[in-house]
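For this one, chain A is given, so just place chain B on it according to the hints.
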Amino acid sequence: MSAPELRLRRQRPVRIAGASWLLRPRAAAVTLAGLAALLLLMGLNVRLGDIPLTLADVARTVLGGGDAGDRLVVMELRLPRALTGALVGAALAISGAVTQAIARNPLAGPDILGVTSGASVAVVALTVLTGTAHGGAGGTLAAIGIPLAAVAGGLAGAALVYGLAWRKGMDGYRLILVGVGVVAVFTNVKYWLLTAGDVNDAARAMVWISGSLNGRGFEHVVPVAAALAVLVPATLLGSRTLGALRLGDDTARGLGVRIDRGRGALLLAAVLLASVATAAAGPITFVALASPQIALRLAGVAQPPVVVSAVTGAVLVAAADLAARTLTPVELPVGIVTAVLGAPYLVFLLIRTRRVKGGT
Amino acid sequence: MTAAAGTARTPLPRARRRLVVPGLLLAVLAAVLLSVTVGAKPVSPGDVWHALWSPDGGESDIIVRGLRVPRTLLGLLAGPALGVAGALAQGHTRNPLADPGLLGVTQGAAFATVLSIVLFRLDGVYGYIWFGLAGALIAGGAVFAIGLAGGRGGPTPVTLALAGTAVSALLYALTSTVVLLDQQAMDVFRFWQIGSIAGRDAAIAGQVLPFVAAGLILAFANARGLDALALGDDVARGLGRRVPLTRTVGLASITLLTGAAVAACGALAFVGLIVPHLARALAGADHRRLLLYSALTGAALLLLADVLGRVVARPGELEVGVVLALLGAPFFVVLIRRGRAVRL
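Line order of the protein sequences matches chains A and B.
Note that my numbering numbers the first sequence so that position 209 is 209, with each residue one more than the last.
Count along the second sequence from 1, then add 360; that gives the number in my numbering.
Same shape as in the complex, but just chain A (with noise of 0.2 Å):
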């Protein structure tokens, strides 16, 4: 799988108090569309409901005019599971591009770096052991507990990867091998706690583990908005350690570069972003998998670009979630369409590859 060749284009630095980047016209022509794509994606799932309201409406209300009812409707109601999504799909784009560009391989994510299981069994966990069948803690707990027990889970699942994975310094593949092995034993301890409490409980868990939009406010949407906030001028500034990590290690210390340091930091920062987008929302696959590699085409650069990717993701998240509600006559969990959508599109990069490379 490789990434489009590097095409040389008029390209213009930008400088902003020392730092500087090339503007590349192409990216933030996407970008753009992508931004405008989004729109109207959040415009279209905030519009359905018990209650329809037509775009108009929604571009009335969101804009401070509508009756006391619809400001109800969309702003209490709506509105926040259409951001939730949009920046779950941003950070998980993000923490995908920035994973893929340290272990130099587009099948690499969050999840490999045990983020999502370690969240899914801390999850599981609170639900199947604190659910009905063990006197029934549920409401309050379960509101401020399962963000909370995500976010631990998420965090110690990626220590233990990366801890099992430093031997003298890091390596990308066996960065992603021990993560295979983690997130498999973390799967089984997960499937056992399915089995160990009310099968009530277990439903509920879930709904959770093929993530979800359902019912979320704005006590989702802060905690990824604020992560966003902090996290992504950070990758943006290290950008430049991940442009140099591109060329190999030994390459990227010639050139200046700190790279234990750098990576490490990097890392944290896409592991941040995973695990609060999950307490937000579960493990919604494939996002931080695909859209990095469909922004780089896209956008016709080398490396996973983080902004464009970021839109991408939004667009992705907002599109599955239309699809998840309108498509079937029961509202699936918006995780179950992006596995599904995402199948194929490993199966298309699959035989793309193949055939530019002529077998692998």
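Any given hint could be a false lead.
As the list claims (entries may be wrong) - Calculated lysine to any residue pairs in the SDA-like style (CA-CA distance at most 20 Å, straight line):
(1) A:K168 - B:R698
(2) A:K168 - B:V693
(3) A:K168 - B:V694
(4) A:K168 - B:A673
(5) A:K168 - B:L695
(6) B:K401 - B:A673
(7) A:K168 - A:A229
I should point out that these hints are in silico values taken from the structure, not numbers from a laboratory.
Just chain B now, kept in the frame of chain A:
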């Protein structure tokens, strides 16, 4: 001997190699003995003998004939099936981390199983075993077809692994959907997913036996071809091997073996992943020897893990799938840290 062809690992010295098969057979025998005697109610070997040859309907006769013998038989079928399927999967994908589930077979069986529960309200293994098997075969076929698309000369190791991942992910999503919409399917499925050889009667073992036997025959027929493929597709072709045929036979064997084991026992993890690594340490690169050792190691490991699950969680028991994951994980990580897993 094909093993001489470019293997990095030296097999055991000849004298010690003669002891491997008798040693493994002894281990399997010991595991069988433990499997029929250890449990919530210990049964002496004498009582087991009595129950097998002259049962009079006493309590230990019922336990041995109704519970212990069936799960032992199932272990003796599923262990070798998964061990051999794992060795083939790792050989054909040239990926030391491949397990039989990687080729979509396990998720195919899972999806067909939940579908049969929802559509026909089947409960119990008898009802859905045939659906599970059919699902496994169809999914394995689909992975192979995708692997074939887009290239000449048959599927390569990388395309097989990726196609398997993609098909598995899709089927997992579909399975989740069904399970979310149907509580009864959820209740059956969550236990299926862990994998267990307990609570099934001997008829199940009889039903999957022909598939396991056919799979094993294909596997051993595939061994020489796989030795050649280990040198790379081009070299294999140069040696006069028909690469697409070899791949097809291998995939058919993996599908039959995994499908049969998973349909009967649920999604048993880790057997197919670990067993070939244990066997390879004894066998070197000769696939015939590797497959034989994998079969014996698989039987012993599955039965011992099952016995362990009965001992550690008294008076209840831990499903063998959970025991295998807990045993397999540390082993797996050590394997990677030593860098052994990378070379194949």
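Taking the hints in turn, this is what the structure says about them:
For the hint linking K168 (chain A) to R698 (chain B), the alpha-carbon distance of about 12 Å falls within 20 Å, and the restraint holds. Straight-line distance between C-alpha atoms of K168 (chain A) and V693 (chain B) comes to about 16 Å, which keeps the hinted pair within the 20 Å bound. As the CA atoms of K168 (chain A) and V694 (chain B) are separated by approximately 15 Å, the hinted pair is consistent with the 20 Å bound. Distance restraint check for K168 (chain A) and A673 (chain B): the Cα-Cα separation of roughly 39 Å exceeds the 20 Å cut-off, and the hinted pair is therefore not satisfied.
Our distance criterion of 20 Å between C-alpha atoms is met by K168 (chain A) and L695 (chain B), whose separation comes to about 17 Å. Among the hinted pairs, K401 (chain B) with A673 (chain B) is consistent with the structure: their alpha-carbon atoms are about 14 Å apart, no more than 20 Å. About 34 Å separates the Cα atoms of K168 (chain A) and A229 (chain A), which puts this hinted pair outside 20 Å; it is violated.
In terms of the numbered hints stated before, the structure departs from hints 4 and 7, listed from lowest to highest.
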